[in-house]
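Colleague: Knowing the structure of chain R, use the given hints to seat chain S on it.
In the order they appear, the protein sequences are chains R and S.
Numbers in the numbering used here are just positions in the first sequence, counted from 1, shifted up by 20.
Numbers in the numbering used here are just positions in the second sequence, counted from 1, shifted up by 31.
Just so you know, the hints here were simulated from the structure itself, not pulled from any lab data.
Heads up, some of the hints might be wrong.
[To be verified] Label-pair distances were calculated between CB atoms; the ranges are:
1) G411(S) x R452(R): 33 to 39 Å
2) R38(R) x S104(S): 34 to 40 Å
3) L82(R) x A107(S): 39 to 45 Å
Virtual Cβ for every residue (Gly too), placed ideally from N, Cα, C.
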Amino acid sequence: MYERYHIPLKTVEPRASRVAGFTIERADNCINCGRCERACIYGVHTRSRSDTREMADPVSHLCKDCFRCIAECPQGALTISRGAEFQSLGRGIWTPLRISTIWSEAETGKIPVLGAGYKGMFAGDGYDDMWTDMSEIVRPTRDGIHGREFISTGVDIGRMPPFLEFEPSGAMRTSIPPLIEIPIPMVLDLTRMRTCSKTMAEGFLDAASRLKTLAFVPLGSVSNKTIRDMAGCVVPVIPSHTDLSNVNLPDEARLIELAAGLSWKKDYDALVKKFPDRVLSVRIEAATGVEDKVFEMLERGVAVANVQFTDQGRESGRNDRHAKDSLRAIHDKLVEAGRRDELTVMAGGGMAAAEHVPKSIICGADLVSLSKALLIALECRDCTKCESPSCPIDLPSAPASWVADRVMNVVGAWRDQLLEVLGAMGLREVRRLRGELGRAIFLDDLEADFLPPQHGGDDA
Amino acid sequence: MTSRAGSISASFPGIALDPSRRLDFMNRFSVRRAGSCISCGMCESLCPYDVHRRIEGHSKILPPDDRKCIGPSCEANRYYCVANCPTQSLSVSESANYLSLGDPRWTQEMILSTWMQAETGEPLPLDHPGNAGASGGGFDELAFVLPDTVPRFEPEEISTSMELNRRSRGARITVPVPFYGGGMSFGSISVHTMLARAIAAKKWDTFVSTGEGGYPEQLIPYKDHIVTQIATGLFGVREETVRRSRIIEFKYAQGAKPGLGGHLLGDKNTPDVARMREAVPYTSLFSPFPFHSVYSVEDHKKHLDWALTINPDALLAVKVSTPNDVEMVSVGSYYAGAHIVNLDGGYGGTGAAPEIAKKNIAMPIEYAVPKVHRFLTAEGIRDEITLVASGGIRTAMDVAKAIALGADGVVIGTSELIALGCVRCGNCESGRGCPRGIATTDPELERLSTFEWGAQRLDNLFTAWRGQWRTLLAALEMENISELRGRLDLMRYRGRRLKEGEA
Numbered sequence: 021m022y023e024r025y026h027i028p029l030k031t032v033e034p035r036a037s038r039v040a041g042f043t044i045e046r047a048d049n050c051i052n053c054g055r056c057e058r059a060c061i062y063g064v065h066t067r068s069r070s071d072t073r074e075m076a077d078p079v080s081h082l083c084k085d086c087f088r089c090i091a092e093c094p095q096g097a098l099t100i101s102r103g104a105e106f107q108s109l110g111r112g113i114w115t116p117l118r119i120s121t122i123w124s125e126a127e128t129g130k131i132p133v134l135g136a137g138y139k140g141m142f143a144g145d146g147y148d149d150m151w152t153d154m155s156e157i158v159r160p161t162r163d164g165i166h167g168r169e170f171i172s173t174g175v176d177i178g179r180m181p182p183f184l185e186f187e188p189s190g191a192m193r194t195s196i197p198p199l200i201e202i203p204i205p206m207v208l209d210l211t212r213m214r215t216c217s218k219t220m221a222e223g224f225l226d227a228a229s230r231l232k233t234l235a236f237v238p239l240g241s242v243s244n245k246t247i248r249d250m251a252g253c254v255v256p257v258i259p260s261h262t263d264l265s266n267v268n269l270p271d272e273a274r275l276i277e278l279a280a281g282l283s284w285k286k287d288y289d290a291l292v293k294k295f296p297d298r299v300l301s302v303r304i305e306a307a308t309g310v311e312d313k314v315f316e317m318l319e320r321g322v323a324v325a326n327v328q329f330t331d332q333g334r335e336s337g338r339n340d341r342h343a344k345d346s347l348r349a350i351h352d353k354l355v356e357a358g359r360r361d362e363l364t365v366m367a368g369g370g371m372a373a374a375e376h377v378p379k380s381i382i383c384g385a386d387l388v389s390l391s392k393a394l395l396i397a398l399e400c401r402d403c404t405k406c407e408s409p410s411c412p413i414d415l416p417s418a419p420a421s422w423v424a425d426r427v428m429n430v431v432g433a434w435r436d437q438l439l440e441v442l443g444a445m446g447l448r449e450v451r452r453l454r455g456e457l458g459r460a461i462f463l464d465d466l467e468a469d470f471l472p473p474q475h476g477g478d479d480a
Numbered sequence: 032m033t034s035r036a037g038s039i040s041a042s043f044p045g046i047a048l049d050p051s052r053r054l055d056f057m058n059r060f061s062v063r064r065a066g067s068c069i070s071c072g073m074c075e076s077l078c079p080y081d082v083h084r085r086i087e088g089h090s091k092i093l094p095p096d097d098r099k100c101i102g103p104s105c106e107a108n109r110y111y112c113v114a115n116c117p118t119q120s121l122s123v124s125e126s127a128n129y130l131s132l133g134d135p136r137w138t139q140e141m142i143l144s145t146w147m148q149a150e151t152g153e154p155l156p157l158d159h160p161g162n163a164g165a166s167g168g169g170f171d172e173l174a175f176v177l178p179d180t181v182p183r184f185e186p187e188e189i190s191t192s193m194e195l196n197r198r199s200r201g202a203r204i205t206v207p208v209p210f211y212g213g214g215m216s217f218g219s220i221s222v223h224t225m226l227a228r229a230i231a232a233k234k235w236d237t238f239v240s241t242g243e244g245g246y247p248e249q250l251i252p253y254k255d256h257i258v259t260q261i262a263t264g265l266f267g268v269r270e271e272t273v274r275r276s277r278i279i280e281f282k283y284a285q286g287a288k289p290g291l292g293g294h295l296l297g298d299k300n301t302p303d304v305a306r307m308r309e310a311v312p313y314t315s316l317f318s319p320f321p322f323h324s325v326y327s328v329e330d331h332k333k334h335l336d337w338a339l340t341i342n343p344d345a346l347l348a349v350k351v352s353t354p355n356d357v358e359m360v361s362v363g364s365y366y367a368g369a370h371i372v373n374l375d376g377g378y379g380g381t382g383a384a385p386e387i388a389k390k391n392i393a394m395p396i397e398y399a400v401p402k403v404h405r406f407l408t409a410e411g412i413r414d415e416i417t418l419v420a421s422g423g424i425r426t427a428m429d430v431a432k433a434i435a436l437g438a439d440g441v442v443i444g445t446s447e448l449i450a451l452g453c454v455r456c457g458n459c460e461s462g463r464g465c466p467r468g469i470a471t472t473d474p475e476l477e478r479l480s481t482f483e484w485g486a487q488r489l490d491n492l493f494t495a496w497r498g499q500w501r502t503l504l505a506a507l508e509m510e511n512i513s514e515l516r517g518r519l520d521l522m523r524y525r526g527r528r529l530k531e532g533e534a
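Okay, chain R solo, but in the shape it has when bound (with noise of 0.2 Å):
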């Protein structure tokens, strides 16, 4: 029977306080007149509960910023402020209200959905300096809002043959590739958590599992059995130089990652050897001239090149390009050389927002890999204090199932909010967005195109 993929949400409570992104103060001078707790609609003012004489103290993580009260008080006794462990939530590209998007995006499974328009900076770097696309009459073979539960965001892992070949007999001579068919263009990588316990790993791959994608782990990590239960959802990753003759995976392991080192040529040949019927992954840092490396795995043979960029979404050393610019160099030379399909492109690094799946899969990619979101997806502060016990959210004790419940509920959002982005350029399936650059509008074309040349004189 036909079964429409569906991602089951629930509310999931936080285990941490919450953080209040305006924090209310009452001073002295309140007379307890009690004007404030009428004029509240969220409930941050309430009388105390001891002593109904007296106002209780504002609950503030309630609060949105609507000056209500401050305006209503008669004594001028309440002040409202940006809240300060807010604002210094995170860091660079992980801005607090990203954090805090994610936080609620874990708790609910909703899409945030905010009224006033748009509040943020015009542009930015990165991912920040493009829009995507969208089509004002859609064709019939693209339905937005109505069509939206028939959008496939399914992806392909494995090489492609660009071709079939035949005998002349009629029977194929072309030998089909071992292929891995995902419902999402999100994986979960466990390998580059600053922290991740044993029940926080029971949770992600419990996580993974019901989602059908794939969790990349550490090998031996995982034990064989697990690896089994989990029916084709763990994704051992081998480090370099690794003595395969020991190494036994299980058949369910259906992809297995290298990561690759200086040595990656002679690990990779092995690895084939040892596991010749899987899809195999090769891990690489991007840094200049990743295109040409991977073009390198290319040729080599490999499946899946999986580039993982920093925290902050750039590539390592220098002259670090973003991965928007190095996810369309390598995708050009794929598509150049004519075997773009031969390989998966997996990017991961600085996923720190749903609209960074669809913009990564335009510049490229064929999916990406979640690592950071998920902690945050858990309430991390990214205070980077992790050893326990200095972890303020204590972390590695939360419960497993606690864990999946969050995970599912921020990959449910990020694939509902991608779902919004292909209904509205009427793209049906996410296969199709990748490397469709003619569907994006970068920052830098408009500002050539559209805009005054800059000269001197008096503003007005």
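Modeller: For chain S alone, kept in the frame of chain R given last:
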């Protein structure tokens, strides 16, 4: 305050000071008085702004009224309270409330100056910080370069009008200001807000769009200034509402959520709203994307023809968002018979939209306008169609910049809501809706304002805007705002290219 109102209304007969205690709460600076104060009264005797006061006969001085304080720059004055306090009990700093207001697109100064214009009708100076935001791109980085000459025209002689019909067919309609009000539906905003907009539109002889969701009876007296919007859900579209209007607007997409359709959450669909929309109260209402009867420009023409069959005298407006091929869409609309093409950019207002759509889908209006303007010019049809821009037009200067980029005029929405006291908290969509009573259908919250008050504030805002355009046009030696159209050469762009060039 009264004397100020008098002086302003002398030069702008249409306006009246329309203050609101509700908007008077914002203090730019905090003045703190420590416990060491001995209530000597020195500060009261010094401060000319009435920050420090003591009630006659009271021994203690009142808490400082810091809304009137001019801030630490007062240091230069001999009467600076902080320096003169014998017990050093006073301090002045930037106020946390002020810093909590606004965002890079609508900065504190922009919100407060819009409130001020709505209160007094007094135009902003051309170099006021409230003219532009701090978003680092687009309008915020464009600035007019003013020539160093003596203006040739008196401000009162300068025309700010916009022609809405530049084709041979249909009624000739010219509005005296280069804008009309954009679609905000009954349900997304309160009936008071709708009425205030309609009254102001009538007074200024321009228009305001109903948005999708019909036409509450209270608006019928203003029907000559109301645009009936036909959107994909067809909510509130009936033969009489199409027949009633002088302009009919087809909404293909909305900039803040292009390609996603509309969604009125159940809580805001009160019985009144539901009746207008012919729907069941308290159910969520979807307005799907796209028009399922339109799959080509030919279908689009059929759509427009259908409206003309019902109302042959109407002007037709087409509201589209800003995809890559927006210029083709505009040409298609022209050939289908549209009089007005309204480009709605992504950074504009909305009652509810997915956050991912606002920033990421479709291009900002600052690029779409010149793109379409040039294409229509090259096609030789630019002067047969009225091109209006919306989606992120916040101030009078934004309007002027949009025109200089190539539009004939603009469509506004959010700036009107700000004039009515919106603080952009962004919670229009949830629960009972707007805590400030603007974008809500909650009967209790709605009562926070009256439509008379709102209409006067909008009237004042428009007066201020026109005053500012006239000052600008006079400085540019132009007699008519239409001369400004497409004059990119009058602007300077301070954006990224310059920064990179300097580096």
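Colleague: So, for every hint listed, does it hold in this structure?
Modeller: Against the structure, the hints:
no.: 1; hint: G411(S) x R452(R): 33 to 39 Å; in the structure: holds (36 Å)
no.: 2; hint: R38(R) x S104(S): 34 to 40 Å; in the structure: holds (38 Å)
no.: 3; hint: L82(R) x A107(S): 39 to 45 Å; in the structure: holds (42 Å)
Going down the numbered hints, you'll see the structure goes against none, and every one checks out.
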